[in-house]
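**Student:** Protein chains in written order, with UniProt numbering: chain A, 1 to 305; chain B, 1 to 305.
Incorrect hints may have been included.
If several chains are the same, the list does not tell them apart, and a pair holds so long as it fits within one copy or across any two.
Cross-link-like lysine to aspartate or glutamate pairs, in silico, EDC-like; alpha carbons within 20 Å at most [to be verified]:
{"#": "1", "residue 1": "Lys289", "residue 2": "Asp117"}
{"#": "2", "residue 1": "Lys176", "residue 2": "Asp117"}
{"#": "3", "residue 1": "Lys212", "residue 2": "Glu280"}
{"#": "4", "residue 1": "Lys115", "residue 2": "Glu173"}
{"#": "5", "residue 1": "Lys115", "residue 2": "Glu219"}
{"#": "6", "residue 1": "Lys212", "residue 2": "Asp117"}
Derived from the structure by calculation, the hints contain no laboratory data. Quantities reported herein were computed from a predicted structural model and do not represent experimental measurements.
There are 2 protein chains.
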Amino acid sequence: MTDQGFSLFQITLQQRAASVETLLSELLSDQPHSGEISRPARLMAAMRHGVLNGGKRLRPFLVMESAALFGADNFTALRIAAALECVHSYSLVHDDLPAMDDDDLRRGQPTVHRKFDEAAAILAGDSLLTYAFELIASDETELDAQCRVTLITALARASGIGGMTGGQALDLEAEKIKPDEAGIIRLQAMKTGALIRFACEAGAIIGRAGTKDRDRLAEYGSAIGLAFQLADDLLDVTAEARDMGKATGKDAAAGKATLVSLHGVEWAKLQLAGLVEQAEEVLAPFGEKAALLKDAARFIADRRN
Amino acid sequence: MTDQGFSLFQITLQQRAASVETLLSELLSDQPHSGEISRPARLMAAMRHGVLNGGKRLRPFLVMESAALFGADNFTALRIAAALECVHSYSLVHDDLPAMDDDDLRRGQPTVHRKFDEAAAILAGDSLLTYAFELIASDETELDAQCRVTLITALARASGIGGMTGGQALDLEAEKIKPDEAGIIRLQAMKTGALIRFACEAGAIIGRAGTKDRDRLAEYGSAIGLAFQLADDLLDVTAEARDMGKATGKDAAAGKATLVSLHGVEWAKLQLAGLVEQAEEVLAPFGEKAALLKDAARFIADRRN
């Protein structure tokens with residue numbers, strides 16, 4: 001990775017993050033949108049706290065860069081990216097609840113149930129999830145109806161029973177019955193992998209890519225999703241809570257098996273390098289146009305927080 | 001209401017309920033559906049417990065009868081009805097949580113967090129909500145894509161910020177700052193009214209009704225939604241916990257203002273009669289075809305549990 005390449009990636013990541021935050025901040029204002037009776041101020045504040053928290057906005061970046069690969073309209077990609085970030089944020093808000101991971105901090109700030117209360121966090125999460133589907137279904141983009149239902153189907157699958165919430169459920173069980181390696185891989189592919197894969201596939205759907213290209217983006221998404229979780233597990237072992245803005249060492253404390261606890265840190269680093277290589281290879285047919293997506297794969301593997 | 005009319009309504013309500021339960025039981029099986037990696041058994045059990053609980057299935061009935069009014073395909077209406085019941089059920093599962101209404105019983109059975117645990121109840125609710133949108137977006141019905149996005153938009157609005165979850169948020173605040181009469185009406189229109197109204201409007205959407213007829217069904221839905229909440233508030237004051245299968249007198253205990261606490265039981269009964277009349281009048285143009293929907297309005301106003 002050249003310094004220049006890394007720098008362009010970092011700048012673009014920040015620009016994309018700023019765009020999606022501006023849109024989310026408008027969308028989640030207190031002002032009722034058309035067709036709404038009212039927007040309860042405290043609920044909206046809890047939703048904004050859960051979403052506008054200085055996240056890296058990696059998933060929105062992946063949607064927008066993947067869509068750009070196929071020349072898709074930028075405004076449209078931005079709205080789908082915002083919807084996906086609502087789903088990601090809702091999952092964090094619920095995951096932080098006392099009955100789940102019981103986290104007080106996220107990115108150095110109090111979690112939604114600590115800043116507001118548990119009921120507000122439950123409802124804010126529910127509302128964010130619902131709003132994500134409303135955003136995609138709305139006719140304010142240039143997407144035709146078929147494209148919108150394709151996105152909704154893919155997002156619901158990635159975030160529901162067979163995807164994210166299913167993976168979270170398996171994760172809770174994993175604290176009692178330790179899964180074997182295949183079980184861990186399946187759990188992680190569902191819990192964090194499915195939504196990252198969706199982000200990349202969504203760009204191809206928005207850009208009306210052919211089946212072959214859509215499959216390529218999905219494969220790229222699977223590789224970086226796996227890398228993301230592996231890097232996360234590594235960080236849980238090696239990073240300081242200060243750098244993460246949240247508690248670390250929680251997996252070990254919970255007796256939770258990860259690929260890192262099974263195979264060790266050195267093995268995990270080799271695996272990560274292999275996944276980055278796989279991601280780069282699958283993007284090779286797109287040439288220079290995919291440079292930032294390749295950078296994203298390296299960024300995910302190398303991240304420190 | 002004649003005995004015969006009541007009986008036909010009761011039989012139809014039960015038949016519709018049986019159909020939607022059979023479909024929900026198939027949809028929420030442990031067997032992974034196409035495109036899903038896995039279905040965690042405990043999560044599915046928690047979802048089934050939250051959904052297959054002997055509910056009256058009033059909302060599915062309203063979808064199916066409204067759709068039948070416009071000659072819509074029965075299988076299609078049934079799937080949309082099942083999706084709506086998933087949304088209704090998720091809201092009950094989350095509403096019963098200790099941080100929300102803290103209920104141990106629903107229809108005489110332990111609530112999901114009592115039978116499983118809080119984490120399972122949170123995830124089961126999240127998964128049911130997500131699954132509802134997947135069901136509507138799926139291409140297994142004869143609905144075209146435009147019709148599906150119209151339904152998704154309407155459902156998301158009815159159940160999100162400006163609808164159900166917004167109403168729940170207002171309801172939580174109402175325990176601290178007592179709303180005035182207009183505030184109570186708005187709260188109830190959002191919390192319970194919006195989803196009942198959606199049920200009726202959905203039938204018109206599925207049946208490709210014209211704007212005028214769709215508005216009629218929405219107005220009918222608003223009237224019976226208001227009646228539903230008024231009857232609920234009355235029951236909270238007058239019914240026995242035994243009949244309700246859940247705790248009663250909770251509103252008064254929580255110091256929660258309702259239209260019944262403001263205006264008294266006799267006023268509420270008169271209001272209910274007026275709402276039934278309004279519902280019947282708005283359906284008048286449909287003649288005999290709408291007989292069961294008129295029965296439904298009376299059933300809602302007269303219900304004992």
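**Student:** Each hint needs a verdict: does it hold in this structure or not?
**Tutor:** Each hint tested on the structure:
no.: 1; hint: Lys289 / Asp117; in the structure: neither (46 Å within a copy, 48 Å between copies)
no.: 2; hint: Lys176 / Asp117; in the structure: between (28 Å within a copy, 14 Å between copies)
no.: 3; hint: Lys212 / Glu280; in the structure: within (16 Å within a copy, 55 Å between copies)
no.: 4; hint: Lys115 / Glu173; in the structure: between (28 Å within a copy, 16 Å between copies)
no.: 5; hint: Lys115 / Glu219; in the structure: neither (39 Å within a copy, 40 Å between copies)
no.: 6; hint: Lys212 / Asp117; in the structure: neither (47 Å within a copy, 43 Å between copies)
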